[in-house]
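Required output: the full structure, derived from the provided sequences and hints.
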Amino acid sequence: MRSALFLVPGLVAAIPTAQQPDFGFVSSGDKPDPNQVQITGASFSGNGCPQGSVSTSLSADQTVITFGFDKFQTYIGPGYDPTLKTKNCQLHLNLKYPGGFQFAVVESTYHGYAQLDTGVTGTFYSTYFFSQDAGATTTTQTTISGGGQWAAGQVYTKQDQVPTASYIYSPCGANGILNINNRIALTSRNNTAMGEVTDDDATVAFTHQIHLQWKACKK
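Counting along the sequence shown from 1, when you hit position 7 you're at 7 in the working numbering, and nothing is skipped either side.
If you are wondering where the hints come from, they were derived from the structure by calculation, not from laboratory data.
Some hints here could point you the wrong way.
[As the list claims (entries may be wrong)] In silico lysine to aspartate or glutamate, EDC-like type, Cα no more than 20 Å apart, as pairs: (1) Lys96 - Asp33; (2) Lys215 - Glu107; (3) Lys71 - Asp81; (4) Lys31 - Glu107; (5) Lys158 - Asp70; (6) Lys218 - Asp133; (7) Lys215 - Asp61; (8) Lys158 - Asp117; (9) Lys215 - Asp33; (10) Lys96 - Asp70; (11) Lys31 - Asp70; (12) Lys215 - Asp133; (13) Lys218 - Asp70; (14) Lys96 - Asp133; (15) Lys158 - Glu107.
Here it is as structure tokens:
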């Protein structure tokens, strides 16, 4: 899986690839030993992630989880089946980590390719919750409006940061099952306009990175 960041022109000056944004991570002393954090299982469901089309990797410092989607493809416009304008994929990630720690999702980063005529809008939603507390959720949302650079097609990176007040943490003293419901939806105010959020590379059509923040459980 390719892990390099592809920044759209408007973001290059704001967040150069050599300067990673500060995610507010706790000090190294408040992070678990990387050798004690493992993805022990992941399952997927939804029309955006058929069996065998999703890959998962965890960064060396255990703060970034990357999912790769080969079939997360949406289309809208004349000639396309209306059911193709929205796709979803729900991920269930089992993480094993020391009982004295817990984590929260603090930012989501999306990479992919979009071609959107004027009048077409692509919206990305990701909702996070832990199975142990399904009533507590946090959702990130980002939108690409068609026309301009998007009419010709662009590789994109879109970043959604979760407000501090919206952090939800995994349970203390138990392994956390993180559920992520991803949805891409295309809408159009022009019946003749075309749009797609799909694959520009045979390797990965859509990548979703999740940045984690760890903290020690209160004694």
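Consistency of the hints with the structure:
1. Lys96 - Asp33: The hint holds at about 12 Å.
2. Lys215 - Glu107: Answer holds: Lys215 to Glu107 is near 16 Å, not above 20 Å.
3. Lys71 - Asp81: Given pair Lys71, Asp81 holds - Cα atoms ~16 Å apart, limit 20 Å.
4. Lys31 - Glu107: Given that 20 Å is the threshold and the Cα spacing comes to 18 Å, the pair holds.
5. Lys158 - Asp70: Holds, at roughly 18 Å.
6. Lys218 - Asp133: 18 Å, holds
7. Lys215 - Asp61: 14 Å, holds
8. Lys158 - Asp117: Holds: Lys158 and Asp117 sit about 18 Å apart, inside 20 Å.
9. Lys215 - Asp33: 12 Å, holds
10. Lys96 - Asp70: Between Lys96 and Asp70 the Cα gap is close to 26 Å, so the pair fails against 20 Å, i.e. violated.
11. Lys31 - Asp70: Roughly 32 Å separates the two Cα atoms, so the pair is violated.
12. Lys215 - Asp133: 18 Å, holds
13. Lys218 - Asp70: Given pair Lys218, Asp70 is violated - Cα atoms ~41 Å apart, limit 20 Å.
14. Lys96 - Asp133: The hint holds at about 17 Å.
15. Lys158 - Glu107: Holds - the C-alpha atoms of Glu107 and Lys158 are around 11 Å apart, at most 20 Å.
Checked against the numbered hints given earlier, this structure breaks hints 10, 11, 13; the rest are met.
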